[in-house]
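Each chain, written out:
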Amino acid sequence: MPNYLDFEKPIEELYEQLEKTKQIGVKGKIDVTKLLAEIEDKIEVVKKQLYSNLTPWQRVQLSRHPDRPYSLNYINAITDNTFMELHGDRTVKDDKAMIGGFGMVDSMSVMFIGQQKGHNTKSRQYRNFGMPNPEGYRKALRLMKLAEKFNKPVVTFIDTPGAYPGLEAEERGQGEAIARNLYEMSILKVPVICIIIGEGASGGALGIGIGDKVYMLENTWYSVISPESCSSILWRNWDNKEKAANALKLTADDMLKQKLIDGIINEPPGGAHSNPEEIYQSVKKVIVTELGALQKVNASDRVKNRIDKFSAMGVVQEG
Amino acid sequence: MSWFKRIKEGITTSTKEKKETPEGLWYKCPSCKSIVASSDHEESKYVCPNCGFHERIGSEEYFAILFDNNQFKEFNENITSGDPLDFVDTKKYKDRLRDTMSKTHLKDAIRTAHGQVYGHDLVIACMDFEFIGGSMGSVMGEKIARAIDYCLQHKLPLMIISKSGGARMMEAAFSLMQMAKTSAKLTQMSEAKLPYISLLTDPTTGGVTASFAMLGDLNIAEPGALIGFAGPRVVKETIGKDLPKGFQTAEFVLEHGFLDKIIDRRNLKDSLAKLLVMLKS
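Note that the protein sequences, when read in sequence, are chains A and B. Take the first sequence: its position 66, counting from 1, is numbered 66 in the numbering used here, and each next residue is one higher. Take the second sequence: its position 275, counting from 1, is numbered 275 in the numbering used here, and each next residue is one higher.
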């Protein structure tokens with residue numbers, strides 16, 4: 001049974017209708033083929049209509065859809081199950097909210113890194129809801145340095161509601177861990193591609209987000225704060241999350257317009273989870289194309305371009 | 001019983017002889033409640049002479065404390081936020097900026113200047129907490145980036161005095177990217193082998209901690225300063241327990257290995273000059 005969001009009610013109802021009609025067809029002697037086709041057509045029309053006019057808040061909801069593919073799903077599909085996961089930050093522990101390792105994309109060895117969420121209550125807890133501790137960021141950095149040493153490109157998948165705001169995280173320097181990654185990723189000598197596949201919440205996302213190319217999937221968000229927290233700080237309640245989602249201009253379209261990302265990867269109608277194979281192929285195509293282009297540039301130019309790109313971000317008025 | 005009864009009615013002191021107590025002549029320490037003359041408090045660099053409590057001060061005071069004869073050249077003093085998102089919450093961001101500017105006589109939450117510390121050249125970028133909580137938006141990122149360019153051009157060391165609640169929400173992703181921008185620019189300081197000293201003062205949290213504030217060649221803090229990534233309220237909500245005493249203070253952060261030193265503001269200028277000499281190539 002797939003999960004439906006509140007605004008997907010019309011589609012859910014149509015699917016229910018479809019199921020019932022099918023059962024009637026199985027049980028009785030009535031020919032339902034025509035009716036089934038009609039309902040299926042209607043589903044396509046409604047889907048198209050619904051998903052072409054999503055509000056920012058609806059996209060936020062889609063980005064958190066429980067059926068959505070997570071980092072490991074993408075990595076396994078893109079590397080044709082050649083992914084070798086590597087563990088640990090060599091200092092404190094292995095953070096399950098951050099995964100990484102080598103995998104083959106066609107004939108190319110690539111270091112993949114990403115925040116990982118879980119698909120059920122148990123695995124969500126195991127993955128700490130995709131909220132890394134400092135050791136997660138340090139593990140990511142260790143693996144990026146490993147890739148740099150052997151001249152392998154880095155691809156990161158971003159999907160986090162934020163860096164974990166816990167007691168131990170503070171003790172072990174969450175701020176320093178993220179800061180160090182921003183610094184080191186700016187000067188990493190190998191190509192870096194970052195793709196936001198779900199939630200891109202603040203410093204926790206940016207901690208693996210400094211890339212030569214930064215992409216967002218169509219139904220994801222990327223900002224300095226979640227709409228809920230923004231609402232609770234600015235309006236002192238959680239009821240203005242839709243207003244906050246609008247105000248933050250956090251969708252892929254907005255981010256591209258603001259020149260804060262380099263591109264958008266389109267999702268199938270209904271979101272990435274409605275046709276995972278399609279989105280895996282789209283993501284793989286972007287990775288292959290971009291890495292091909294980036295590898296033609298020499299390392300020091302690539303680093304310079306990366307620093308220049310991020311240095312140009314911001315809007316000020318000269319007095 | 002004239003001890004308890006006035007013999008002469010009314011106030012007999014003439015207006016001419018009345019002694020005025022000017023506003024702000026006294027400073028009451030919020031920590032130990034002791035009272036000192038404001039001039040003495042200023043003399044001790046806004047540190048309580050009794051208990052050592054460090055009062056929050058702004059760029060004006062830091063420049064006066066650190067730069068020789070309070071002389072310095074300020075850069076880009078008139079750049080202001082562009083409000084790229086046309087942000088509106090309970091109030092328009094533009095109006096909020098205008099009101100804050102007229103209230104604080106500042107243009108944004110950071111000022112950058114070049115001066116001398118006991119004859120040693122230093123560029124200081126200093127935050128002002130009273131400007132929207134010292135929050136980091138495009139102006140802060142740009143001013144730090146330009147200060148770094150100035151340092152690179154003139155081969156000068158840099159100190160950033162942090163005092164900030166973190167990113168400025170009204171600039172959303174633009175403010176987030178200032179973390180990337182400032183950190184990327186700092187790599188150029190390292191490349192040029194120019195010292196960068198980070199001074200963390202009360203409070204330094206959020207996006208500022210998670211970028212340049214933690215990236216100093218030397219990370220120095222003032223005693224008792226609140227330093228952290230997540231704010232204490234958020235951490236408390238996360239763990240559902242009271243926080244241990246002293247959690248996220250400068251002393252706590254030093255014990256966990258993220259600070260080089262805690263320096264009393266009264267010794268700051270002397271220590272800074274010594275460090276600058278030791279770092280000089």
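Incorrect hints may appear among the rest.
Computed list of chain B residues with no C-beta within reach of chain A, every gap over 10 angstroms [to be verified]:
#  : residue
1  : SER31
2  : CYS32
3  : LYS33
4  : PRO49
5  : ARG56
6  : ILE65
7  : PHE67
8  : GLU77
9  : ASP83
10 : GLN153
11 : GLN178
12 : LYS185
13 : LEU276
14 : MET278
15 : LEU279
Straight-line alpha carbon distances no greater than 27 angstroms define the calculated DSSO-like cross-link-like pairs of lysine-lysine that follow [to be verified]:
#  : chain 1 : residue 1 : chain 2 : residue 2
16 : A       : LYS189    : B       : LYS236
17 : B       : LYS236    : A       : LYS145
18 : A       : LYS241    : B       : LYS91
19 : A       : LYS149    : A       : LYS122
20 : B       : LYS236    : A       : LYS241
To be clear, the hints were calculated from the coordinates, so they are not data collected in a lab. Each residue gets a CB set at the ideal place from its N, CA and C atoms; glycine is no exception.
Hint check results:
1. SER31: 23 angstroms, holds
2. CYS32: CYS32(B) is indeed farther than 10 angstroms from all Cβ atoms of chain A, at 27 angstroms.
3. LYS33: Check passes; 30 angstroms lies beyond 10 angstroms.
4. PRO49: 32 angstroms, holds
5. ARG56: 20 angstroms, holds
6. ILE65: At roughly 26 angstroms from the nearest Cβ of chain A, ILE65(B) sits farther out than 10 angstroms, so the non-interface label holds.
7. PHE67: 23 angstroms, holds
8. GLU77: Given that some Cβ of chain A is not farther than 10 angstroms from that of GLU77(B), nearest at about 7 angstroms, it is violated.
9. ASP83: 8 angstroms, violated
10. GLN153: Since the minimum Cβ distance to chain A is about 15 angstroms, GLN153(B) lies beyond 10 angstroms and the statement holds.
11. GLN178: Label violated. Min Cβ-Cβ 6 angstroms, cutoff 10 angstroms.
12. LYS185: 6 angstroms, violated
13. LEU276: 22 angstroms, holds
14. MET278: Given a closest Cβ separation of 23 angstroms, the condition holds.
15. LEU279: 19 angstroms, holds
16. LYS189(A) to LYS236(B): 40 angstroms, violated
17. LYS236(B) to LYS145(A): At roughly 34 angstroms apart (the allowed maximum being 27 angstroms), LYS145(A) and LYS236(B) break the hint.
18. LYS241(A) to LYS91(B): 16 angstroms, holds
19. LYS149(A) to LYS122(A): Violated - the C-alpha atoms of LYS122(A) and LYS149(A) are around 36 angstroms apart, more than 27 angstroms.
20. LYS236(B) to LYS241(A): With Cα atoms ~23 angstroms apart, LYS236(B) and LYS241(A) stay inside 27 angstroms; holds.
Checked against the numbered hints above, the structure breaks hints 8, 9, 11, 12, 16, 17 and 19 and satisfies the rest.
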